[in-house]
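Participant: This is what each chain is made of:
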Amino acid sequence: MSATTITPAPRIQGGTILRGLLLAGLAILAMLPVLNRLPPESVLYVSDFVVAVSGKWICYGILALAIDLAWGYAGILSLGHGAFFALGGYAMGMHLMRLIGPRGVYGHPVLPDFMVFLGYTELPWPWWGFSSFPYAMLMALLVPGALAGIVGWLAFRSRITGVYLSIITQAMTYALMLAFFRNDMGFGGNNGFTDFKELLGVPLNTAGARAALFYAALVALGVSLLLCRLVTQSKLGRVLVAVRDAESRVRFLGYNTTSVKLSVFVLSAMLAGLAGALYVPLIGIINPGEFSPGNSIEAVIWVAVGGRGTLVGALLGAFSVNALKTWLTSFAPDLWLFVLGGLFVAVTLFLPRGLVGLLRKGEGR
Amino acid sequence: MTRFLRLLAVFLLFAAPLRAQEGFEAVVAGLAGGFAAQAEAVERLGALGDPRAVPILRALSEGRLQKSPEGALAIDGRDALTGAPAPTATEAIRINNRVRGALRGAFGRLELASASDAERAAAAAGLFRARSPENIQILEDALGREANPGVRATMERALAASRLAAPDAGVRRQGILMLGGTASPEARGLLLEARTASPDLAPEIDAAVAAIDQRLQLRRVAETAFQGLSLGSVLLLAALGLAVTFGVMGVINMAHGEMVMLGAYTTVVVQEAFRGIPWLFPWALPLSVPAAFLVTAAVGAGLERGLIRHLYGRPLETLLMTFGVGMILQQAVRLAFGAQNREVISPAWMQGVITLPGGVEVTQNRLWIIIFSLLVLGLTVAAIRFTRFGLEMRAVVQNRRIASTMGIRTGRVDAMTFAFGSGIAGMAGVALSQIDNVSPNLGTGYIIDSFMVVVFGGVGSLAGTMIGAFTLGLVNKLLEPWAGAVLAKIAVLVGIMLFIQRRPKGLFALKGRAAEQ
Chain A
1 MSATTITPAP
11 RIQGGTILRG
21 LLLAGLAILA
31 MLPVLNRLPP
41 ESVLYVSDFV
51 VAVSGKWICY
61 GILALAIDLA
71 WGYAGILSLG
81 HGAFFALGGY
91 AMGMHLMRLI
101 GPRGVYGHPV
111 LPDFMVFLGY
121 TELPWPWWGF
131 SSFPYAMLMA
141 LLVPGALAGI
151 VGWLAFRSRI
161 TGVYLSIITQ
171 AMTYALMLAF
181 FRNDMGFGGN
191 NGFTDFKELL
201 GVPLNTAGAR
211 AALFYAALVA
221 LGVSLLLCRL
231 VTQSKLGRVL
241 VAVRDAESRV
251 RFLGYNTTSV
261 KLSVFVLSAM
271 LAGLAGALYV
281 PLIGIINPGE
291 FSPGNSIEAV
301 IWVAVGGRGT
311 LVGALLGAFS
321 VNALKTWLTS
331 FAPDLWLFVL
341 GGLFVAVTLF
351 LPRGLVGLLR
361 KGEGR
Chain B
1 MTRFLRLLAV
11 FLLFAAPLRA
21 QEGFEAVVAG
31 LAGGFAAQAE
41 AVERLGALGD
51 PRAVPILRAL
61 SEGRLQKSPE
71 GALAIDGRDA
81 LTGAPAPTAT
91 EAIRINNRVR
101 GALRGAFGRL
111 ELASASDAER
121 AAAAAGLFRA
131 RSPENIQILE
141 DALGREANPG
151 VRATMERALA
161 ASRLAAPDAG
171 VRRQGILMLG
181 GTASPEARGL
191 LLEARTASPD
201 LAPEIDAAVA
211 AIDQRLQLRR
221 VAETAFQGLS
231 LGSVLLLAAL
241 GLAVTFGVMG
251 VINMAHGEMV
261 MLGAYTTVVV
271 QEAFRGIPWL
281 FPWALPLSVP
291 AAFLVTAAVG
301 AGLERGLIRH
311 LYGRPLETLL
321 MTFGVGMILQ
331 QAVRLAFGAQ
341 NREVISPAWM
351 QGVITLPGGV
361 EVTQNRLWII
371 IFSLLVLGLT
381 VAAIRFTRFG
391 LEMRAVVQNR
401 RIASTMGIRT
411 GRVDAMTFAF
421 GSGIAGMAGV
431 ALSQIDNVSP
441 NLGTGYIIDS
451 FMVVVFGGVG
461 SLAGTMIGAF
471 TLGLVNKLLE
481 PWAGAVLAKI
491 AVLVGIMLFI
501 QRRPKGLFAL
511 KGRAAEQ
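In order, the protein sequences belong to chains A and B.
Quick note on numbering: the first sequence equals residues 1 to 365 in our numbering.
Quick note on numbering: the second sequence equals residues 1 to 517 in our numbering.
These aren't lab readings, by the way, just hints derived from the structure by calculation.
This one's a predicted model, so the numbers in the text were calculated from it and none came from an experiment.
All C-beta atoms in this analysis are idealised placements derived from N, C-alpha and C, irrespective of residue type, glycine included.
Fair warning: there could be bad hints in the mix.
[As the list claims (entries may be wrong)] What the simulated footprint calls covered on chain B by chain A, stretch by stretch (three residues with Cβ under 8 angstroms from a Cβ of chain A suffice, anywhere in the stretch; the number is not a length):
| no. | region |
| --- | --- |
| 1 | 308-318 |
| 2 | 490-502 |
[What the hints assert, rightly or not] Simulated restraints on C-beta separations:
| no. | chain 1 | residue 1 | chain 2 | residue 2 | range |
| --- | --- | --- | --- | --- | --- |
| 3 | A | A146 | B | R394 | 42 to 48 angstroms |
| 4 | A | D334 | B | P278 | 33 to 39 angstroms |
| 5 | A | L227 | B | Q217 | 57 to 63 angstroms |
| 6 | A | D195 | B | R100 | 56 to 62 angstroms |
| 7 | B | R409 | A | S47 | 32 to 38 angstroms |
| 8 | B | P278 | A | G342 | 41 to 47 angstroms |
| 9 | A | W327 | B | R394 | 47 to 53 angstroms |
| 10 | B | A225 | A | L335 | 47 to 53 angstroms |
| 11 | B | A225 | A | W153 | 35 to 41 angstroms |
| 12 | B | R394 | A | L335 | 40 to 46 angstroms |
All chains should be modelled from the sequences, with the hints used to inform the complete structure.
Facilitator: The structure is reproduced here in structure tokens:
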């Protein structure tokens with residue numbers, strides 16, 4: 001398959017506006033939980049809904065960064081990142097379920113309600129250790145990372161690239177969705193996990209806990225952004241872009257493209273897992289619907305809209321598309337799918353570099 | 001002398017039914033007597049085998065048979081024998097349990113003489129359950145008259161079961177041998193029950209049970225194979241269009257599932273349009289096939305000319321863009337037709353079940369879909385091999401620029417190829433409307449499977465698509481009894497991922513210049 005050159009190597013060139021926009025956006029986000037504490041009469045008051053929704057967007061932002069790292073920089077279009085996100089979410093969900101303890105409807109000291117309901121007598125082995133927070137966080141990163149490692153190793157080793165890889169990753173998330181919908185998998189079946197009580201000893205239904213989770217997500221976003229920047233600015237980042245644009249040539253120059261691609265794919269999957277782990281306590285539910293292929297491909301379009309190959313673009317896309325979605329679905333839910341579908345068409349046809357390309361001067365096609 | 005004999009024969013010919021009729025009426029009159037007389041009359045009616053007794057006995061069992069003080073019988077205000085209006089001063093005839101028992105036996109015997117195949121089979125099935133040695137004689141008689149093979153089989157089973165209940169060990173052994181010749185789980189149950197009752201016959205029974213088990217196993221394998229073929233044919237239909245657009249053109253069309261969905265909705269529309277025209281209505285489904293082809297081919301041509309052609313050489317963008325198109329099509333259909341499932345009526349010739357020799361049951365609509373999928377495959381191959389369009393298409397695939405130099409309008413060929421692939425998807429939609437819910441997201445369930453088939457079979461090879469589809473269908477269904485439907489599907493997906501490790505280009509890899517694209 002011939003490699004295609006669309007975007008030049010990413011330089012935040014003339015990107016002062018963009019960087020300013022990004023910092024301003026992050027600053028506004030950081031203010032939200034504070035403004036939420038103001039009296040409701042105040043002009044600057046921000047409702048619980050806005051805080052909750054922006055907390056969700058922050059997690060989506062991390063997911064978008066993860067996809068951008070793989071697709072925008074290394075040219076790996078994964079249509080299965082929703083699976084990594086959901087696996088991270090499930091790891092956190094399992095921890096939260098274990099923390100419910102005897103407060104469940106059935107009052108069993110160890111088993112979550114759905115297991116009591118299904119007649120389990122003891123905890124299945126995948127659940128062992130999830131009562132510990134560090135272990136759960138570790139799993140939220142390691143399980144998606146390991147899955148990406150296996151799938152990526154199998155795929156990159158036999159030089160499966162381009163659309164074939166996309167389809168395989170889509171099949172992966174589809175298979176996981178089917179598996180997680182099953183009750184006898186021991187992961188809550190189609191109801192998933194919900195009714196969480198506390199995290200790290202703090203009840204989840206308080207304003208304080210919500211603000212803390214929000215800040216945790218924001219900090220994670222910042223760290224992810226720095227990490228991605230570190231990777232993309234490094235020598236590895238240069239090789240990644242070279243692999244994206246002309247993989248065979250890089251290989252002939254003596255680079256091991258398989259391990260380069262594999263390492264960035266695994267890193268990307270772990271970031272997606274982190275996003276999922278932060279997402280679940282904020283939203284209060286995780287179910288197998290998160291694995292649906294549509295979710296993954298929707299996340300890809302955030303990156304495409306924002307501008308792949310630039311980290312700012314990924315965030316810009318995640319926020320703007322989700323803002324549009326929240327706004328539009330509130331008064332014209334029927335229209336949303338037309339708009340989303342239209343975005344897919346319009347961005348690929350007219351805006352190959354996304355909004356970032358539009359904002360940059362002198363680089364339009 | 002001969003004249004006398006002839007006269008006698010004629011006399012007897014008329015007299016015999018006359019006498020029988022008198023007898024019948026006399027016996028019926030017994031129903032008005034006491035419980036003992038009733039039971040005797042019921043049994044004699046059963047033995048007579050006259051079908052006129054059926055409505056009378058039914059009325060008796062349902063408490064609708066009435067008698068006048070004079071002893072005349074009436075059903076619902078009409079004389080039970082003549083059907084003439086009867087006097088109203090009547091009382092209902094009551095029956096006791098002994099009469100009820102006699103009635104059950106009589107019904108079984110009378111219905112064995114019924115003119116309707118279904119009634120005779122039902123009666124035999126009833127006697128199979130009754131398992132009384134008293135029925136051996138009746139069943140043997142009935143078997144002597146029976147011509148319908150299906151009913152015969154049921155009667156034989158009933159006879160065997162009745163023999164199994166006989167006091168004589170020899171008769172029972174006969175019954176065991178007969179049951180051992182069937183492939184019926186019910187017979188197996190009976191035999192196991194009889195094993196505890198008569199330990200002396202245990203070796204024969206064990207042999208018979210083993211024979212049944214073997215036959216049942218064979219039938220299960222055959223039925224699983226049919227289900228696998230059926231799934232394979234569905235996969236083939238869904239993947240064939242993709243094999244053309246993705247395999248031949250290299251265009252990855254994520255809206256392919258929506259083309260299938262549009263085909264299914266075309267079927268709904270054609271059916272609605274023909275609903276008012278009774279003589280045309282049975283043809284709605286066959287006529288939907290070309291209609292669906294035209295509709296989806298038109299949509300496909302529009303899609304190719306309007307959007308996809310701008311993205312040639314950029315497969316990832318094409319993938320995303322067509323996904324968006326799929327979303328728009330899905331939502332448009334959802335708004336136009338509603339989100340709920342639409343019903344598509346199967347024509348009579350597609351309904352029902354065919355029982356193959358050996359008791360293998362095959363649903364008609366699935367059989368038709370297998371045939372249809374092979375027909376569509378044949379037409380596709382023929383179109384690519386033998387038509388001018390197919391020739392031009394192959395030329396463009398092999399070398400676009402030389403084809404263009406030769407005067408082939410490559411843009412038009414692209415549009416037609418894409419329209420052709422989409423049209424095949426539309427025809428698949430017509431077939432799927434028969435076995436799946438017609439809803440706006442009908443296509444999403446098939447798109448991943450279709451890609452798997454094409455990748456597994458080898459991109460660009462129609463033979464590979466066919467073999468891939470049937471292999472995946474069979475493997476899926478063979479795994480299902482062990483692993484369950486979902487795990488079987490996952491196992492197949494994982495299996496394909498491992499398979500393309502060994503053969504990245506699929507089962508039937510293209511060789512030569514075309515493979516390099």
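Participant: If a hint holds in the structure, say so; if it does not, say that too.
Facilitator: Verification of the supplied hints:
Residues of the region 308-318 of chain B with a Cβ under 8 angstroms from some Cβ of chain A number 8, which satisfies the need for three, so the listed coverage holds. For a cut-off of 8 angstroms, the count of residues in the region 490-502 of chain B with a CB near a CB of chain A stands at 8, and the three-residue condition holds. The hint said 42 to 48 angstroms for the Cβ distance between A:A146 and B:R394, and at roughly 45 angstroms that hint holds. Distance hint for A:D334 and B:P278: a CB-CB separation of about 37 angstroms, consistent with the stated range 33 to 39 angstroms.
The hint said 57 to 63 angstroms for the Cβ distance between A:L227 and B:Q217, and at roughly 59 angstroms that hint holds. In this structure, A:D195 and B:R100 meet the distance hint of 56 to 62 angstroms, their C-beta atoms being roughly 58 angstroms apart. At roughly 60 angstroms, the beta-carbon separation of B:R409 and A:S47 lies outside the given 32 to 38 angstroms, and the hint is violated. Range check, B:P278 to A:G342: about 44 angstroms between beta-carbon atoms, so the 41 to 47 angstroms window is met.
Separated by about 50 angstroms at the C-beta atoms, A:W327 and B:R394 satisfy the suggested range of 47 to 53 angstroms. Range check, B:A225 to A:L335: about 48 angstroms between beta-carbon atoms, so the 47 to 53 angstroms window is met. A C-beta distance of roughly 36 angstroms is found between B:A225 and A:W153, which places it inside the suggested range of 35 to 41 angstroms. For B:R394 and A:L335, the Cβ-Cβ distance of about 43 angstroms falls inside the hinted range of 40 to 46 angstroms, so the restraint holds.
Violated hints amount to a single one, hint 7; each of the other numbered hints is respected by the structure.
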